[in-house]
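J.: Single-letter residue listing:
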Amino acid sequence: AQSVTQLGSHVSVSEGALVLLRCNYSSSVPPYLFWYVQYPNQGPQLLLKYTTGATLVKGINGFEAEFKKSETSFHLTKPSAHMSDAAEYFCAAINTNAGKSTFGDGTTLTVKP
Amino acid sequence: GAVVSQHPSRVICKSGTSVKIECRSLDFQATTMFWYRQFPKQSLMLMATSNEGSKATYEQGVEKDKFLINHASLTLSTLTVTSAHPEDSSFYICSARALAGGPYEQYFGPGTRLTVT
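Taken in order, these protein sequences are the chains called C and R. Reading the first sequence from the start, the letters are residues 1 to 113 in the numbering used here. Reading the second sequence from the start, the letters are residues 1001 to 1117 in the numbering used here.
Derived from the structure by calculation, the hints contain no laboratory data. No experiment lies behind these values; they were computed from the predicted model shown. Cβ atoms here follow ideal geometry from the backbone N, Cα and C, with glycine treated the same way. Accuracy of the hints is not assured; some may be wrong.
Short, incomplete list of chain R residues facing chain C, as computed with Cβ under 7 Å [stated by the list, open to error]:
1) 1043
2) 1093
3) 1104
4) 1111
In the SDA-like style, the derived pairs of lysine to any residue whose C-alpha atoms are separated by at most 25 Å in a straight line are [unchecked claim]:
5) 100(C) with 1104(R)
6) 1041(R) with 102(C)
7) 100(C) with 1066(R)
8) 100(C) with 1062(R)
9) 1041(R) with 7(C)
10) 1041(R) with 42(C)
11) 100(C) with 1046(R)
12) 1020(R) with 45(C)
13) 1055(R) with 99(C)
14) 100(C) with 1026(R)
15) 1041(R) with 2(C)
16) 100(C) with 1055(R)
Excised from the complex, chain C in its bound form:
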C-alpha cells in the first residue's frame, strides 16, 4: 500500500530563512507527487506537482521541490520564508493505477518575525 510520510509535524523558521519541509513516499511504482498548502478555514491549494520529466519542479509563491527516486523523497523548499507562508502543508502521492491520492499528516509551518 502506498504511504506518504512528512517528517516533522511542526517546522518553525525565521522570516527570510530557508524553508525545508520533508516528504517521503512509499510506493512500488513512482507515483505522481504533489504539495498543497492550506490556510485556516480554507481548502488546500496546489503548490506544485511532479508527474514526469524534470525532477526539480517550481511552484507558486517561490516554492520548489525535487523528486529523488533513489531516496523516495519529494522535499519542499523555499529560499526565503515570508510571514504569509505560515500555513499547513500537505504532501500527497497518487498511484496512477489506484486513482486515489494519499496525503501525509501535514506539517505546520510557523514563520517568526
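Position chain R against the provided structure of chain C, taking the given hints into account.
T.: This is chain R only, laid out in the frame that chain C set:
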C-alpha cells in the same frame, strides 16, 4: 485556473436533522469528485470517491447510509449528512479531478464547516 465552489461555507444544524453540501466545478468538467473530512490539526480523511453517473465508493468505516453522495453531473456533487449528530461536526472538503488537463490533479473547494448542536 480550475475553481471548485462549495455551498454553504458554514452550517449549524440541530441534532437529528439532515444537511446537504454542494460541490461544483465552475470552469471545468470533473469526471471524479472526492469528499474529505478534516478534524482540527489533522490531515484530510477521504470519505468517498464519486464518478459522474455512478454510485460513490466509500472508504472503510464510512457509513454510506449516513453520508449520502450524489454526483449527478460533471459539475455537481452533493454530500448529505443524514440524521446528524454532534460527532459529525467537522470541516468537509470536496475536490474535483478534471476531465482533461493536468494528470490526476485535484482541485479543492473552500470547505464547509458543519456544527451540529
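J.: Confirm or reject each hint.
T.: Taking the hints in turn, this is what the structure says about them:
At about 5 Å, the closest approach between the beta carbon of residue 1043(R) and any beta carbon in chain C falls short of 7 Å, and the interface hint on this residue holds. For residue 1093(R), the shortest C-beta to C-beta distance to chain C is roughly 5 Å, which falls under 7 Å, so the interface hint holds. For residue 1104(R), the interface hint holds, the least distance from its beta-carbon to any beta-carbon of chain C being 5 Å, beneath 7 Å. Because the smallest distance between the Cβ of residue 1111(R) and any Cβ of chain C comes to about 5 Å, under 7 Å, the interface hint for this residue holds.
Of the pairs offered as hints, the one joining residue 100(C) and residue 1104(R) holds, with about 9 Å between alpha carbons and a cut-off of 25 Å not exceeded. This hinted pair checks out: residue 1041(R) and residue 102(C) have alpha carbons roughly 17 Å apart, not beyond 25 Å. Taken as a hint, the residue 100(C) and residue 1066(R) pair is honoured in the structure, with Cα atoms around 22 Å apart against an allowance of 25 Å. For the hint linking residue 100(C) to residue 1062(R), the alpha-carbon distance of about 16 Å falls within 25 Å, and the restraint holds.
With a CA separation close to 16 Å, the supplied pair residue 1041(R) and residue 7(C) stays within the 25 Å bound. Between residue 1041(R) and residue 42(C) the CA atoms are separated by roughly 13 Å; this keeps the pair inside 25 Å, and the hint holds. Among the hinted pairs, residue 100(C) with residue 1046(R) is consistent with the structure: their alpha-carbon atoms are about 9 Å apart, no more than 25 Å. At roughly 24 Å between alpha-carbon atoms, residue 1020(R) and residue 45(C) fall within 25 Å of each other, so this suggested pair holds.
Straight-line distance between C-alpha atoms of residue 1055(R) and residue 99(C) comes to about 16 Å, which keeps the hinted pair within the 25 Å bound. About 22 Å separates the Cα atoms of residue 100(C) and residue 1026(R), which keeps this hinted pair within 25 Å; it holds. Note on residue 1041(R) and residue 2(C): the hinted pairing holds, with a Cα-Cα distance of about 22 Å set against a maximum of 25 Å. Only pairs whose Cα atoms come within 25 Å are accepted, and residue 100(C) paired with residue 1055(R) is accepted, the gap being roughly 16 Å.
The structure fails none of the hints (numbered hints given earlier).
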